[in-house]
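Participant: Work out the full structure, taking the sequences as your base and the hints as a guide.
Protein chains: 2
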Amino acid sequence: MTSLQDCLTLDAQDPLRALRDQFTLPEGVIYLDGNSLGASPRAAAARVAEVVQQEWAQGLIRSWNDAGWISLPQRLGDQFAPWLGVGAGELVFTDTASINLYKVLTAAARIAREDAPQRKRLISERSNFPTDLYIAQSVCQEYGLELVLLEPEEIAGALTDEVAICMLTHVNYRTGAMHDMAAVTAAAQGKGILCVWDLCHSAGAVPVDLKGANADFAIGCSYKYLNGGPGAPAFVWAHPRLINRFWQPLSGWFGHAEPFKFVPDYHPAQGIQRYLCGTQPMVSLSVLQCGLDVFTAVEPLGGMDALRNKSLALTDLFIALVEERCQGHGLGLATPREHGRRGSQVCLTREEGLGVDGKDSGAYAIVQALIARGVIGDFRKGDGTGLHKDILRFGFTPLYVGFEDVWHAVEHLRQVLESGEWRKPEFNRVNAVT
Amino acid sequence: MTSLQDCLTLDAQDPLRALRDQFTLPEGVIYLDGNSLGASPRAAAARVAEVVQQEWAQGLIRSWNDAGWISLPQRLGDQFAPWLGVGAGELVFTDTASINLYKVLTAAARIAREDAPQRKRLISERSNFPTDLYIAQSVCQEYGLELVLLEPEEIAGALTDEVAICMLTHVNYRTGAMHDMAAVTAAAQGKGILCVWDLCHSAGAVPVDLKGANADFAIGCSYKYLNGGPGAPAFVWAHPRLINRFWQPLSGWFGHAEPFKFVPDYHPAQGIQRYLCGTQPMVSLSVLQCGLDVFTAVEPLGGMDALRNKSLALTDLFIALVEERCQGHGLGLATPREHGRRGSQVCLTREEGLGVDGKDSGAYAIVQALIARGVIGDFRKGDGTGLHKDILRFGFTPLYVGFEDVWHAVEHLRQVLESGEWRKPEFNRVNAVT
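Line order of the protein sequences matches chains A and B.
Heads up: the first sequence begins at 1 in UniProt numbering, then just goes up one per residue.
Heads up: the second sequence begins at 1 in UniProt numbering, then just goes up one per residue.
Same chains, same names: a pair is fine if it fits in one copy or spans any two.
List of simulated lysine to aspartate or glutamate pairs, DMTMM-like, C-alpha gap at most 20 Å:
no.: 1; residue 1: LYS120; residue 2: GLU154
no.: 2; residue 1: LYS120; residue 2: GLU142
no.: 3; residue 1: LYS261; residue 2: ASP360
no.: 4; residue 1: LYS381; residue 2: ASP265
no.: 5; residue 1: LYS381; residue 2: GLU351
no.: 6; residue 1: LYS424; residue 2: ASP357
no.: 7; residue 1: LYS424; residue 2: GLU351
no.: 8; residue 1: LYS261; residue 2: ASP383
no.: 9; residue 1: LYS261; residue 2: GLU352
Because the hints were derived from the structure by calculation, they are not lab data.
Facilitator: Written as structure tokens, this is what we have:
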């Protein structure tokens with residue numbers, strides 16, 4: 001059995017402990033929702049003041065040159081590239097994950113149409129994050145492809161020569177289950193299928209080696225584990241062997257080879273710059289840089305290995321404590337126990353019929369009761385079929401979550417369940433949007 | 001002849017004079033480039049600190065509900081809608097102008113394909129802002145349309161039953177010439193052509209009445225006359241009669257009818273919400289709101305009529321002073337004298353061959369010499385054919401530019417020309433990007 005004292009000892013021995021001081025977190029809150037919106041880096045307040053009051057207000061238009069605005073999407077890409085196993089000049093931060101997915105899926109669809117026009121399927125996971133499926137629907141509609149949605153265990157068998165594109169999210173948002181990127185990519189490419197990876201729940205949270213896995217395209221957001229701020233610019237990567245084969249469809253002037261020549265014809269820049277579109281957002285990119293700078297500070301402390309070790313220790317501890325201390329309340333584990341298949345979150349299920357009116361699982365109300373106690377996780381509703389159950393979701397960002405946090409979070413969960421306080425009417429009114 | 005004293009009197013009588021205090025502007029600068037990047041509203045510093053330090057850092061994920069983040073794109077749209085002559089619920093601020101143009105051009109192409117598949121042309125102006133032409137090229141490529149580029153005087157004659165879409169920028173970025181939106185729209189629609197308007201250089205600067213003109217679609221950026229910050233989120237509008245006819249292709253979860261139901265199928269929201277795509281950027285939208293709030297402060301001072309009167313007075317004065325005081329240096333006027341055809345900028349040409357080496361116009365160097373004196377305008381290169389000449393471009397934002405500024409700007413221009421200081425080598429090295 002693990003004790004509170006054990007957790008305090010783990011914190012004292014944690015080589016990453018000091019990183020927590022690089023974030024502003026509210027008093028009295030245990031924040032286990034960094035997988036939805038990451039915390040605010042302390043440096044962000046001063047940086048955003050500088051960009052608004054100096055670079056914009058004083059520098060005005062001159063800051064596109066003088067403050068280096070013009071190259072910021074590329075510079076941030078270069079700064080973070082090593083964390084995804086890609087090279088300088090291959091990654092940019094721009095637009096949103098949904099928009100970047102549209103760019104790369106369209107590029108992939110164009111490549112497939114040229115190289116293998118008889119392939120008419122785009123496969124993905126049924127419980128992929130919905131925006132990915134919505135964007136895929138749009139691209140399929142335009143390119144005459146069929147979107148085929150599968151359960152994770154069906155994917156290997158579905159990699160056939162009828163498939164053009166395999167689009168997967170590396171770590172599932174509902175379960176925290178992680179695909180073996182290298183193995184899936186190799187299996188898909190062995191069948192001539194292009195692989196597009198969504199890294200929203202893995203960038204900055206788990207080891208990612210896009211070049212090592214020989215991935216084709218990748219995108220991801222920066223407002224979760226990268227702590228870039230609400231709705232911060234996302235990233236996009238294409239393998240150098242593919243990047244210059246096609247225009248991406250959002251062919252705006254920032255993706256032009258010579259944007260300031262103002263010529264009427266579009267000539268895409270070589271490399272990842274062609275994945276930029278309109279004028280880039282300097283305030284939000286500057287805030288995002290503060291999130292990326294924290295990763296630079298992680299490098300001398302052990303880099304991704306240190307982050308991953310701590311993440312697994314936090315999620316192992318959470319699973320162990322829930323199983324030790326919260327038995328008898330209908331909770332189950334949706335997240336894989338196997339380290340190689342687990343992201344940086346733990347998702348619990350709860351049996352249907354245990355809710356206050358016997359009609360639902362009560363998971364929503366339990367999450368609300370925890371939030372009222374300052375333990376912020378979130379709830380993801382099941383699909384009602386029993387296949388995808390209601391989820392209590394807890395994210396463990398190793399940059400700022402500690403072992404003592406895990407102890408207290410589980411203790412609150414135990415108290416919420418044992419006291420029955422989650423049954424209160426105020427926790428059973430559905431009003432949250434996220 | 002107008003004197004400095006006359007200008008001081010005009011400033012003293014200006015009902016909008018106090019609005020200048022709502023902006024932070026650098027000492028010693030006369031800023032005539034608000035048509036490229038608007039100035040920083042004074043309120044932006046405090047607002048951005050609040051959103052970063054309170055809403056994000058303290059509120060964390062809860063701010064999507066508690067701080068109203070979730071509806072901010074729509075609320076900003078409702079706030080600014082009257083300035084474009086559209087209704088509440090019809091406008092959103094989101095993404096970039098280029099991306100929004102892609103959405104509406106694609107929607108228009110889909111409508112045209114259904115209603116009039118024999119129409120195969122998309123017409124625009126050859127000197128439209130290039131990103132519009134690049135996006136149009138992409139859409140034309142996907143929908144089998146031919147992009148036909150015209151001079152402004154050729155447009156009326158080109159409105160034939162072979163044309164599906166007419167895409168124009170209301171105020172030309174190079175010349176400041178303004179189309180008669182109502183007349184062009186009526187002529188085009190009389191031929192069964194859909195009209196898409198880019199308002200980048202007119203929103204907040206000149207009267208716009210989209211519903212009155214019966215326009216079909218409109219987009220625009222917010223970082224020029226709306227003072228929303230560098231790369232701030234743009235806006236998009238579709239006429240209610242068209243909005244629900246088609247998906248726009250960037251069908252992300254924020255455009256879903258029920259984004260937080262997390263269902264795998266895309267069902268677009270009714271109305272303009274379907275033009276949202278991914279997770280929306282709260283820091284930059286919050287900064288933008290400070291720019292829009294200034295317009296709310298204009299309403300009791302006379303609204304758009306007062307802004308337009310001042311804008312025309314400023315540009316009239318600039319033209320008159322240049323013509324009085326800068327004769328004999330090869331300058332010409334690219335901007336229409338007629339008020340009904342003029343935006344809020346004045347563009348000067350300069351004869352080719354007057355540059356230091358006799359090879360160019362010298363316009364670039366003159367602009368650089370002015371910037372060195374603190375008079376910030378910008379340069380737009382000609383196309384080398386003589387049809388579109390080198391341009392010295394000066395924007396007059398009536399919110400913060402005064403009549404005395406105009407006097408001193410012209411006086412600096414006169415001195416730069418008469419002294420020949422623009423011939424210095426440092427002003428003749430091309431290194432600016434914007």
